[in-house]
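Enquirer: Top to bottom, those sequences are chains R and D. In terms of our numbering, the first sequence opens at residue -4 and continues consecutively. In terms of our numbering, the second sequence opens at residue 9 and continues consecutively.
Calculated from the structure, these hints are not laboratory results. Using N, Cα and C, we set each Cβ at its ideal position, and we do this for glycine too. Among the hints, a few may not be true.
Chain R stretches covered by chain D per the calculated footprint, using a threshold of three residues with CB under 8 Å from any CB of chain D [unchecked claim]:
1) 1 to 8
2) 61 to 68
3) 97 to 104
4) 107 to 115
5) 118 to 126
6) 131 to 140
Chain D stretches covered by chain R per the calculated footprint, using a threshold of three residues with CB under 8 Å from any CB of chain R [what the hints assert, rightly or not]:
7) 34 to 47
8) 59 to 69
9) 128 to 141
10) 187 to 197
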Amino acid sequence: MAREEAFQTLLGEHGPMLARIAASYEADPAKRQELQQDILAAVWRSLPSFRGDASIRTFLARIAHNRAISHVARAAAEPRMAELDEAIPCGQPSPFDEIERNDQQRRLMAAVRTLPLSAREPVVLTLEGFTPREIAAMLGLTANSVSIRLTRAKEMLRAALGS
Amino acid sequence: MDIDEGQKWSALATIWQTPADAIDVAHVQRQLHRRARNAAILFAVDLAQGIVQILLGLFLLYRGDWPSRLVGISLLLFGGFAIGLALWTRFAMDRASLANADGAFRVSIRQAEAGIRWAISGYCVAATGIVLLLVLGYAHADPAYRSLVPLPYWEKAVFAIAYLGLLLWRCTRLLRENRRYLRGLHAIEDDLFPPEPAMGLSGADG
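Working from the sequences, and respecting the hints, build out all of it.
Expert: Listed below in structure tokens is the structure:
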């Protein structure tokens, strides 16, 4: 029961982060949902292993990232149809600000997905608020390598966003 | 990162982290429970398959003729390998989730390679077993072939051949899937771990 409650709490607090990480690696909504489930299943199984040596956010982001890479590898060798447009579910009409913010987020997400994996990894984690040191530990890199990748990624993002 | 750089990333992070719809936790948990149950069933099937192979191997060992013993020994080894691989795969995946990116990637590659080895050895054992049982059947035309189980040869052999046929089909599928997975891993390896430029740059280009 404690594990169930912990999982519910984590999902409430960090679920959006996990969803964003999944979305940054998979555009197809159906496959994205599979990836999200894969990530959540891995989180569920890994919860008892959490020892508190890193923050819970770092722990969860690491799991999400590793599952996403595995997902990309499985998809890499399969024939793909043309990339679908994102379909963010939208019920009621949103206020103008909400639509604009969501549209900006969609554009940013699409731009991030165009980045090569080596650049996408540190960018996604930076956008989630992780420090270069935390990112370096998660990716098994030096802080300097992370900085170099972020610098290159910034240029690519700028080109992709057209600004 | 310098301060200006940090501000640029902060602005993007604000857009990135735009609040989304609340997650239906109960729905997610139901999905996970169903998924965990299916995974447990598949794991039990894998273990059961290994146990059946071991039992079949012991049965063939007991038959007494050398071709059956050969197949029996192969099935014992293969069944043991299958059980070991099922256990390792289940626990290796969890370790891979917790490792850093490089470690997780290496575990995935080892998993795919082990899956390929398992599928190839299973394919060989199944194909050899089917051929051997067919050959034995024609070589020993006596219907009351010596055995613990008082059934004519073909009435016993047909079950073994059917089981080995199923194993052959499963190994062919797994071989294809794991080869595809390994190809995918190698395809993204250079993308994931590109050669780093020479050290000495601060990385902040202002």
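Enquirer: Next step is simple, just say for each hint if it's right about the structure.
Expert: To see whether the hints hold, each was checked on the structure:
1. Chain D is given as covering the segment 1 to 8 of chain R, and this holds because 4 residues of the stretch bring a CB closer than 8 Å to a CB of that chain, at least three being needed.
2. Restraint check on the segment 61 to 68 of chain R versus chain D: 6 residues with Cβ-Cβ distances below 8 Å, three needed, restraint holds.
3. Interface restraint, the segment 97 to 104 of chain R with chain D: holds (5 residues with C-beta to C-beta distance below 8 Å; minimum three).
4. With 3 residues having a beta carbon nearer than 8 Å to a beta carbon of chain D, the segment 107 to 115 of chain R meets the requirement of three or more and the stated coverage holds.
5. Under the rule that three or more residues need a Cβ within less than 8 Å of chain D, the assignment of the segment 118 to 126 of chain R holds, with 4 such residues.
6. For the segment 131 to 140 of chain R, the proposed coverage by chain D is satisfied: 6 residues have a C-beta within less than 8 Å of a C-beta in that chain, meeting the threshold of three.
7. Coverage of the segment 34 to 47 of chain D by chain R holds [criterion: at least 3 residues with CB-CB distance below 8 Å; count 7].
8. Given a C-beta distance limit of less than 8 Å, the hint that chain R covers the segment 59 to 69 of chain D is violated, as 0 residues qualify and 3 are needed.
9. For the segment 128 to 141 of chain D, the stated coverage by chain R is not satisfied: 0 residues place a CB nearer than 8 Å to a CB of that chain, which falls below the threshold of 3.
10. Restraint check on the segment 187 to 197 of chain D versus chain R: 7 residues with Cβ-Cβ distances below 8 Å, three needed, restraint holds.
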